[in-house]
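Student: Please put together the full structure from these sequences, using the hints given.
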Amino acid sequence: MSSTAGVAPVAVTDPDPGSGPGSGPGVDTGADPGSDGSGRRRGRVGYLLLLPGLLWLIVFFVIPFYSLLATSLYDPAGSDFRGYDMTYHWANYWDAISEFKVPLLRSLGYGAIATLICLVLGYVLAYTIAFKAGRWKNLMLVLVIAPFFTSFLLRTLSWKLILADDGFVVSTLQFLQLLGDDGRLLATPVAVVAGLTYNFLPFMVLPLFASLDKIDPRLIEASSDLYANPVVGFFKVTWPLSLPGVVSGTLLTFIPAVGDYINQVLLGSPNQRMIGSVIQSQFVDANNYPSAAALSMVLMVLIVVMVLVYVRRAGTEELL
Amino acid sequence: MRWVREHLVLLLGIVVLVYTFVPIFIVVLMSFNDPASRNVYRFDGFTLDNWTGFCDAEGMCAALGRSLAIGGLSTLVATVLGTLMAFALVRHDFRGRSATNLLIFLPMAAPEIVLGSSLLALFVASGFAGQLGFWTILIAHIMFCLSFVVVTVRARLAGMDDTLEQAAMDLYATPAQTFWRVTFPLVFPGILGAALLAFSLSFDDFIITNLNAGTTTTFPMYVWGANQRGVPMQVNAVGTLMFVISVSIVVLGELGNRRRRNALT
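Each protein sequence line maps, in turn, to chains P and H.
If you count the first sequence from 1, position 49 lands on 49 in the working numbering, and the numbers rise without skipping.
If you count the second sequence from 1, position 235 lands on 1235 in the working numbering, and the numbers rise without skipping.
Please keep in mind that the hints were generated in silico from the structure rather than gathered at the bench.
The structure displayed is predicted, hence computed values, not measured ones.
Take these hints with a grain of salt, some might be off.
Where chain P lies over chain H, by a calculated footprint (3+ residues, C-beta under 8 Å) [as the list claims (entries may be wrong)]: (1) 1014-1021; (2) 1056-1064; (3) 1212-1226; (4) 1229-1239; (5) 1252-1262.
Quick list of simulated restraints, FRET-style, between CB atoms [to be verified]: (6) H:Gln1228 to P:Lys137: 37 to 47 Å; (7) P:Ile215 to H:Phe1025: 27 to 37 Å; (8) P:Tyr66 to H:Leu1171: 48 to 58 Å; (9) H:Ser1098 to P:Arg44: 13 to 23 Å; (10) H:Leu1068 to P:Leu226: 56 to 66 Å; (11) P:Lys214 to H:Arg1229: 42 to 52 Å.
Idealized CB from N, CA, C, for every residue including glycine.
Tutor: In structure tokens form, the structure reads like this:
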């Protein structure tokens, strides 16, 4: 799901479908006796259309969550072969957190830094497309998504080549004295954050563009008529109006960046693991299901809490 | 100098855009690379071997075929189920609407590692741990593609003017005729876009697939494994091909739209 750029932001900034044009009140189709004035029909057909997809999500999304929760409470003394017993062993959580708190904190840190850099780069790009691109607007939007059509893994492997010890970037930085002669980028946190920033940038650009594009340029002109210089105008007008995009872009970048481990494994050092790779190896290599499930639950709860706090503080309920 | 100052934002924006294309340039370049040894990330010489001997990399084409099959099947199922759901959400009234919206939103918000591990927990708990492979990957892919299809089609439907449908009804078209001759053609671009998105999501997924694949290998898993052994340069040819094909589809779609718009005005 790495290449989710195109539509995820639309999902988040999508207005309530019921408020779209054509479903407004006062439209009487005449041929629709069940119409309730919202343009929506009542009756059994709706449930029938919904049922297959809903069932799929319940069986393969909701029930797995229950299963994950149950697994996180198994007796850790069990094993893949002998089977596990349900013992409500809440200590699994404490054990998992204390054993893996370093990768957990590292993931949150990498995710936060990458999100911040994405916000700066993404804002510049989204602002350019919304206000400066003119008739090239559509083309530039396509170009933002275009890199996504090449495999996530291949693009990340390319960074391995770009950041290599004998590569152009390292030698330039050494020439500029920004990096010592024996300094390197590959297998360092810098490379991992650079990779995360690169891979999740479009997740930031698209929602930012969506909210910047809605701003009426006359508001910005008005601020300059009232003697605000461009910088003041930006912070008093443009930035506040773009906040919904900032919020959804930040969440859409931060969440996948924290859970990702592809960048860390390909570009970073094996001694500095992120939580995703810990969960993966506890599940697949160590067969330590209770511990892996507990870590997964911790990650999910952390993210849900952050989403709720962030949404409340930024005052936007548009996310749902 | 004045020109630079006036266009500073535009220039910076273009710099960011160019930066996003640097890795693509490397992938295309490496598809013509003649590597001196197996584990070197360096351009050693020009060759067409990676293109003419496309399937010479052991196991790559089998993994590629499997990814195409899984991508095709999961796109088909997710698009059909998701389109039905989008119609229900926009056109029909029912109880539990906000719960349904939440259920559609959550799979897109959850980190992939959590989605993947929860499905694995279910497969293990229900005794399917030994059957991990093609079918479990397919189930997972349909699950995460579904939400993206729903929101894409829903956006198209919600933004659609329904006066054309009313006109058809006024002209005594039956509901079925109205649907097939008016509604469906209007929504079709949205459905097509959703299907393309679902396919690329499925084709490119690594984290969820890796947890639910057992010993079965998809293309991203092949690249991952190859990273440890030395990456065959043919994978760059696949990457280049993916880029060219999908960009062509987008460009052709855009041209088609433009021509239709011009024909209307």
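Student: Looking only at beta-carbon atoms, does the pair Gln1228 (chain H), Lys137 (chain P) fall within the given range of 37 to 47 Å?
Tutor: 43 Å, holds
Student: Given the hint of 56 to 66 Å, is the C-beta distance from Leu1068 (chain H) to Leu226 (chain P) inside that range or not?
Tutor: 59 Å, holds
Student: For the region 1252-1262 of chain H, does the count of residues with a C-beta closer than 8 Å to a C-beta of chain P reach 3?
Tutor: With 1 residues close enough to chain P, the hint is violated.
Student: Is the listed coverage of the region 1212-1226 of chain H by chain P valid when you require three or more residues with a beta carbon under 8 Å from a beta carbon of that chain?
Tutor: With 4 residues close enough to chain P, the hint holds.
Student: Between Ser1098 (chain H) and Arg44 (chain P), does the beta-carbon spacing fit 13 to 23 Å?
Tutor: 20 Å, holds
Student: For the range 27 to 37 Å, tell me whether the beta carbons of Ile215 (chain P) and Phe1025 (chain H) fit it or not.
Tutor: 34 Å, holds
Student: Is the hinted range of 48 to 58 Å satisfied by the C-beta distance from Tyr66 (chain P) to Leu1171 (chain H)?
Tutor: 51 Å, holds
Student: Do at least three Cβ atoms from the region 1014-1021 of chain H come closer than 8 Å to Cβ atoms of chain P?
Tutor: Contact hint for the region 1014-1021 of chain H vs chain P: holds, 6 residues under 8 Å.
Student: Apply the coverage criterion to the region 1229-1239 of chain H and chain P: a residue qualifies when its Cβ sits closer than 8 Å to a Cβ of the chain, and three qualifying residues are needed.
Tutor: holds (count 5)
Student: Taking a Cβ-Cβ distance under 8 Å as contact, does the region 1056-1064 of chain H have three or more residues in contact with chain P?
Tutor: The restraint on the region 1056-1064 of chain H is violated, since only 0 of its residues have a Cβ under 8 Å from chain P and three are required.
Student: Can you let me know if the beta-carbon spacing of Lys214 (chain P) and Arg1229 (chain H) is within 42 to 52 Å?
Tutor: Roughly 49 Å apart at Cβ, these two residues keep to the hinted range, so it holds.
The structure fails to meet hints 2 and 5 from the earlier list, while all remaining hints are met.
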